[in-house]
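Chains as they are written, first to last, in the numbering used here: chain A, 1 to 115; chain B, 1001 to 1130.
Just a few of them, taken from the derived set where beta-carbon distance is under 10 angstroms, the chain A residues facing chain B: (1) Trp16; (2) Arg20; (3) Val27; (4) Leu43; (5) Leu52; (6) Thr61; (7) Gly75; (8) Asp78; (9) Ile79; (10) Asp82; (11) Leu101; (12) Leu112; (13) Gly114.
Just so you know, these hints were derived from the structure itself, not from any lab. Positions of the beta carbon are idealized from the N, C-alpha and C atoms, including for glycine.
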Amino acid sequence: MVNRVVVGAHYGLRDWLIQRISALVMVAYVCALMLFFYWSAPLTYDSWKTVLSHPFVKIFTLLSIIALLLHAWVGVRDIFMDYVHPYPVRLMLQVIVILLLMMYALWAATLLWGM
Amino acid sequence: MERGTPTVRPKNLDLRTIRLPLPGIVSILHRISGALLFLAGIPLILAMLQLSLQSEEGFEMIRHTVDTDPLARLALLFLIWSFIHHFFAGIRFLFLDMHKGVQLEKARTSSLWVIVTSLVLTTLAGAFLW
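The task is simple: from the sequences and hints, build the whole structure.
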């Protein structure tokens, strides 16, 4: 019988894939952001606010932030699996990180649409 | 020895005597920079995004802090290095995933490139900030 551990790896390809796809989304976003900074230099509050008010930019920004949070989850979980061996401690840390990342996602969404 | 009996293998996990090869250094720096970006980078980037969008004063406050506080600049530069290193080391890993550059010599060369490029770009970012 396979010993399924709730805080263990899921023996799957999914996290690996999430890590790669989220990385590509962020690479695209960072390149676009760098181009914007280059074109609009020196950056002013007005041009910054204008570009981030555009619905497409908002969605691309939130998408990249969600990619970042998923990416962080896979990476942080890998670190916990390597260095934190007692299950209760690992589970507790994982729960804290999940809650923190969910909070970040809400923060990002509200700040982008509440600006 | 019976089949299935766990073998006792010698372990050398003494960090003072382990000499990591270049790809190993890139790998552990990828992990360290990733941890730093999670712990400090994400909250900072969200806070800066909020501050920079909510008002012109907030936007200027970030610029003012970076311009006048050397410690803030240094901390920011450290996170910039973390990001740049994580970025290029990550792209290198994507190529390794596709079995590109897995030969020993190529892996060493690309590792050196990641380390050097990150440091050069961080220096340029530092020159820009100072």
